[in-house]
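Asker: Please model the complete structure; the sequences and the hints are all you need to start from.
Residue numbers (my numbering), protein chains in the order written: chain A, 1 to 443; chain B, 444 to 886; chain C, 887 to 1329; chain D, 1330 to 1441; chain E, 1442 to 1553; chain F, 1554 to 1665.
Simulated from the structure, these hints should not be mistaken for lab results. Some hints here could point you the wrong way.
To be verified - Which residues of chain A face chain F? A partial, calculated answer using Cβ under 7 angstroms:
1. N423
2. G432
3. E433
The beta-carbon is built from N, C-alpha and C at its ideal position, and this holds for glycine as well.
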Amino acid sequence: MFDTGTTAFMILATALVVLMSPALALFYGGLSRRKNVVNTMLMSIIAMAIVGVIWVLIGDSIAYGGADAFDENGNLVNIGALFFGGFDRLFSTWSLGEIFDANALVSDDSTLASCAYGSYPSTVSIAFQASFAMVTTAIVTGSLAGRIKFGPLVFLVTLWPILVYAPMAHMVWGSGLIGSEYGIGAIDFAGGTVVHIASGVSGLVLCLILGVRRGYGLLSYRPHNVPFVMLGAGLLLLGWFGFNGGSAFIADGNAGLAILNTLVASCAAVVCWAIIERIKTGKVTLVGASTGMLAGLVVITPACGFVAPWSAVLMGFIVSPVCYFAIAFLKHKLNYDDALDPFGCHGVGGIVGAILTGIFCIPELSWTDFGGLLYTGDPSLLISQILGVLTTLAYVIIVTGALGLITKALFKGGIRVSTEVENEGLDTALHGESAYPAFGGLD
Amino acid sequence: MFDTGTTAFMILATALVVLMSPALALFYGGLSRRKNVVNTMLMSIIAMAIVGVIWVLIGDSIAYGGADAFDENGNLVNIGALFFGGFDRLFSTWSLGEIFDANALVSDDSTLASCAYGSYPSTVSIAFQASFAMVTTAIVTGSLAGRIKFGPLVFLVTLWPILVYAPMAHMVWGSGLIGSEYGIGAIDFAGGTVVHIASGVSGLVLCLILGVRRGYGLLSYRPHNVPFVMLGAGLLLLGWFGFNGGSAFIADGNAGLAILNTLVASCAAVVCWAIIERIKTGKVTLVGASTGMLAGLVVITPACGFVAPWSAVLMGFIVSPVCYFAIAFLKHKLNYDDALDPFGCHGVGGIVGAILTGIFCIPELSWTDFGGLLYTGDPSLLISQILGVLTTLAYVIIVTGALGLITKALFKGGIRVSTEVENEGLDTALHGESAYPAFGGLD
Amino acid sequence: MFDTGTTAFMILATALVVLMSPALALFYGGLSRRKNVVNTMLMSIIAMAIVGVIWVLIGDSIAYGGADAFDENGNLVNIGALFFGGFDRLFSTWSLGEIFDANALVSDDSTLASCAYGSYPSTVSIAFQASFAMVTTAIVTGSLAGRIKFGPLVFLVTLWPILVYAPMAHMVWGSGLIGSEYGIGAIDFAGGTVVHIASGVSGLVLCLILGVRRGYGLLSYRPHNVPFVMLGAGLLLLGWFGFNGGSAFIADGNAGLAILNTLVASCAAVVCWAIIERIKTGKVTLVGASTGMLAGLVVITPACGFVAPWSAVLMGFIVSPVCYFAIAFLKHKLNYDDALDPFGCHGVGGIVGAILTGIFCIPELSWTDFGGLLYTGDPSLLISQILGVLTTLAYVIIVTGALGLITKALFKGGIRVSTEVENEGLDTALHGESAYPAFGGLD
Amino acid sequence: MKKVEAIIRPSALEPLKEALFQAEVKGMTISQVYGCGNQHGWKELYRGSEVIVNMLKKVKFEIVVDDDRVSDLIDIITKIAQTGEVGDGKIFVLPIEQAVRIRTGEIGNIAL
Amino acid sequence: MKKVEAIIRPSALEPLKEALFQAEVKGMTISQVYGCGNQHGWKELYRGSEVIVNMLKKVKFEIVVDDDRVSDLIDIITKIAQTGEVGDGKIFVLPIEQAVRIRTGEIGNIAL
Amino acid sequence: MKKVEAIIRPSALEPLKEALFQAEVKGMTISQVYGCGNQHGWKELYRGSEVIVNMLKKVKFEIVVDDDRVSDLIDIITKIAQTGEVGDGKIFVLPIEQAVRIRTGEIGNIAL
Ligand SMILES: Nc1ncnc2c1ncn2[C@@H]1O[C@H](COP(=O)(O)OP(=O)(O)O)[C@@H](O)[C@H]1O
Ligand SMILES: Nc1ncnc2c1ncn2[C@@H]1O[C@H](COP(=O)(O)OP(=O)(O)O)[C@@H](O)[C@H]1O
Ligand SMILES: Nc1ncnc2c1ncn2[C@@H]1O[C@H](COP(=O)(O)OP(=O)(O)O)[C@@H](O)[C@H]1O
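Answerer: Below you can see the structure in the form of structure tokens.
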């Protein structure tokens, strides 16, 4: 029978994670220029919508369907399954024959429900995983803000979850190459690699292909609405309780540890970001505090169910300077235009989190036989974590890179808007809509 | 004993549905002109507050109190009970004698708790139902935006839940005329008829009585704050998880199916709305995507616990063109001023959803002996659904119409603001408050 | 074993309460002048972040650690424990030795988990209590808006939770002076004294030390963004479901009663506030409705699990005129500059709530042997409540007052910004950031 | 050439714009301003306190025209923007010494 | 008639408005502008990068008065808006050829 | 002294500001305005309905300079703000009778 407590937990966790896509749209929208607000927000919303449909039809199957890569003795029996799931769970069923079978959808004694999840319904699992795919894809769009055409963007957010996110989920969580104890054996509680490194690095790759915005480096790109940035971050924090807590898949002590760590890591990162700003520029900013909050949430994501609260505080303090460095210095030095900083925040923060997990993981809580360096003195887990990051980087750079270049080749008119459109603003030019038509005061 | 899982589920579902009223205020406020923002938002908030008080004092009793209309053999024994509940549960108690009885409020062995709900407390049930009545009433106000006086509005939102919403809830969910297997036998999982048709059609009726805004059809009514519209829709989506999921009244596979369907239907409707806009105007808008999201949520509401996820995707794709047609063409053709489109979105979407439920309902999941046309080839359920819609239309048009005309007659100075007030804007004229006093830059 | 239902409940309640800090930032930000928005919001966010870190490291221990003040016969055995907890649970462990012990963090059979909470993990309890401390500290900042330097503010929000909030929590909920049946024996379901009186009165004390804003009384301080105020209040309402419901610590009938009362008290207070405005000024405002909503939430906080729904309606009706009087008359009469009205709303509302609890408390639901005056005719509880309020006032005024004066003495340059900074606005002057750089239209 | 500056009520914005288009005025520049004058402000309310708002939203039209169209314009504006209530606004006429169309570099009347 | 245009700091808005009311100036039109001049901009910060803001918020008063009140006005404005720091702003005087009160159609000095 | 008023496209704001600084123009005042003219508006879309927007966002520069710098300025502005497309905007020159620097009370050319 389903456990009502865990079912309630997972349904509501899903609801909170679903909210993260509009919350991200708000966060990104607040960070963008006033003339590009609608476009920036719409990129997240359309990504969310497309991915939602794709996930229930095909994505979940690619991520979690199919046979296992290894047999019970750890022999590799299926090379493809290292990277991909299968096509046996299309349309959110366990087999195409079940598409008209009611039992399969709701009962706890159906093969669908019992074989895979046990204490909560498979429908909830699909929705929960869908909500992850949605927000992850939305994160990527932040790197492309202010200059990508809408057609290519739609093309990208349709294929990216199929080619990058779902395989990554399979590799890490579907007993594939990275997560399986017979493979690399890296652990990732709630998506440091799958969600944050994958999206952040994809953002970087695509923004390199797309090129910098006109006047980048000379012009000042300031957020047009700081309160939106703060509120977006606050709603993301709320969503993250579902994100990290729900990744325990049961309402118990693991989930509890995950949310406590989530809370304190984000708080610590805000404090540390503020300290850095105080030292470097003399002034603490709200955009900075909001960015720090996000960085703290990112860094704890892979670790939240594995580490002690004091480690979470430390991780929050460690991530802020690294992300600050990436955003405030590296980006300008290397002159890539990661417009709203998905790479600087999610990519970099995710890498830091994945590695620190190898240090701070409490052995008893680890998914594998290995615990964090700090507790065991054995670097095995740390090495697995680093290998996991490198494999993720390799996969994401290759596949997203190929996808980006193909997109560029396919769209004959180019994937960038013209200089005129960039000048006018993407909102009126691409969408025939302005975000605040009445704020010239001429209502 | 109460089940803690289901209790947790229902409490948090209630919290999310309660949020829908402020979320709707934001959505509507964003859609309104800058000079009418405060008035538009306040209509939703005051509706929410008044209905909250009314519901615990009397509404819940009218909806779910009283005797049954039919005996166990299906003989009609109480004609009144086809339409109304009773007055035996006033003040949120099971009998007026219990008003000072603590047990009745919190114990699971009290008559209050055990007789009606079983696995979760009756207080939660009352709060959950109250939150439905609140947001439903708030929806209606969207049709009246920009021209109704505040006094008549307060009068309307006080009586409407008593005369229209509570009876509708009784008819559909309180074994009354529409929902009872001995009556019409229509099924409505979370409120397609009760909430959306009732509110949307009431909006239409009242806006016809009220008349069009000055310059309607000539002047451009553009939303003053598109990000608010997006965020409002996002928060409504969050609330809808509580709305549709909670309507399973237990944290199990039905609730899981309901939320998965809710998610994918809204995603599909966004995608479809975007496609329509691309075809009709060449440009995809954020207000369009947000409207599509809502339409998808509306259409799946009556069906969410009855249909398979692939049907939910289809329903999302079907509802968008219908609502688009109603909003972009029908409204202008027939020249009614459904200001913020509750009719076009909730009324029309609700009708589509109710009918499609008769087609896609999986027989095993139906509340009655009949399943969807598609599965059974038997049109019984479909016919019941259509009859349910027609009955709802008849009841709502008659009662809301009468209420509107009486209101018009009662308020001697008329229920519309003067042309001067409409010109100046309702915010400063009616409320002595402007939404953004400092945005002329003269802070 | 942990109860999954209650664990789910408490985790999600925590998530909702965590959201209250950003929601408050939004509420306060909307109420502030356009040139002080960033500063006002950042005060709440930095308070939240600092307190989050402090709570897991030390605050929770001060509040709930240590020995009991009374032995089982009610003899006072530990005077310090009347006011403070201990230092035995630092770093979110049950003893410093456990800092590396995984079991202590997640298992239900660890001393950590089982000794204190029973049905849900101790990590969740710490996070839940942290979220209370966070928002309570953020409330205080509202009194200081528009004129305090950022350094002293950081100093204050670091020490206040340690010196005032944690001891108050201990006194009331940690079997200390106020809450223990052998002490004053006052009851406070979810924080009327601990949260609202403590923060509101601290705000008053600190704003007296800080002095009025330049031009206060002459200049008009109008909210710069009324929709933010509304949305902030709406999100606070959502959070309050977690706040009051979660204070039952189990998903049962008590929690249900708490949330029903929370809902109807806030609705009733909105209605009543609107009526007062209609009578006093002829016009109902949205800021008024939002303020009323908050006042209703405050007043029901200490009472929500103790009173019947009809009493909650009454309490909502009673609190609005009192708070209105405090905010609209008392403040101007006595000329203190409680900038965003934490005292008028939380302080005054909390006192009203604490006292009314002594009248309306259903005896069977009381934590002590005494019930409300209305039911028992015995004023014992009422007297305890009044004594509890007075003790709270004394403690808070003395300690916050001392803290404020010490802060003033420590910061040589003073704790107030200069007139120039006040004129220019704190956003650009203190933070180098403007909230809406593009709304001069020059994006 | 003259510049006709008209400060009018926001509600006259749309009708005046239409009327000027009708009158074949080729170009105009519009902005939002705040006005103080004989018209008294109104009271806004904030948590029970009254706040006097004595800067009222107005709209300013700036239209540069040939000298002989000035009186024409004054007539049109007066007709459209007049309600007879205090606060209808003012028209001011200023001399313009030169006008240039940036697009072509044309100067003088032809640039209008 | 002359138009006195004063570009001042935002913080002088309220005091100047009061002072002009005191001086029985009957009407004025106020708007928000951005100014560049000797006063250097300030730095805003965005995620660790400095952004130079060199358009500063200023407030513009436009007051049309009888010729003989001009020097009066200049005195008042100078007195109230002067802080002595760079960025106090400027006063410009322009000729006005005609003024019309829209409400009544009155023209000339009486329209002010 | 003359006031040069230039109404230009928003996208020319930053380059023109830079060019004027280069040309050692000491001060200028900038504001947001809406323009109607030969340039046709664009269509915005609202729930399937088209909304004609015929007031276009423009930026107004006001620069008071010595008489002999006027033609200079016109050249600079024309060069920078010209795209050749309809809607580039206009430059108007107005007489200024007096200028005062509020900070010092200096008057005339020295105040600029
Ligand atoms: N002397 C003036 N200089 C500049 N603007 C003025 C002057 N007098 C009035 N105005 C503008 O005209 C508007 C309307 O003037 P007001 O005196 O209120 O009404 P009326 O013109 O109907 O008597 C004012 O709000 C202000 O913007
Ligand atoms: N030549 C000018 N033309 C138009 N506006 C000017 C001119 N010079 C200055 N201003 C306006 O006056 C404001 C203050 O001038 P600024 O040179 O910064 O200070 P100060 O007048 O104290 O030397 C500027 O921000 C600008 O708005
Ligand atoms: N006669 C006029 N008076 C005032 N402003 C004008 C006038 N004509 C044009 N403008 C301003 O100049 C802008 C550009 O003019 P427009 O006629 O659209 O383009 P162009 O100058 O390239 O022919 C307009 O949007 C308007 O702001």
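Asker: Which hints, by number, does the structure contradict?
Answerer: No numbers; nothing is violated.
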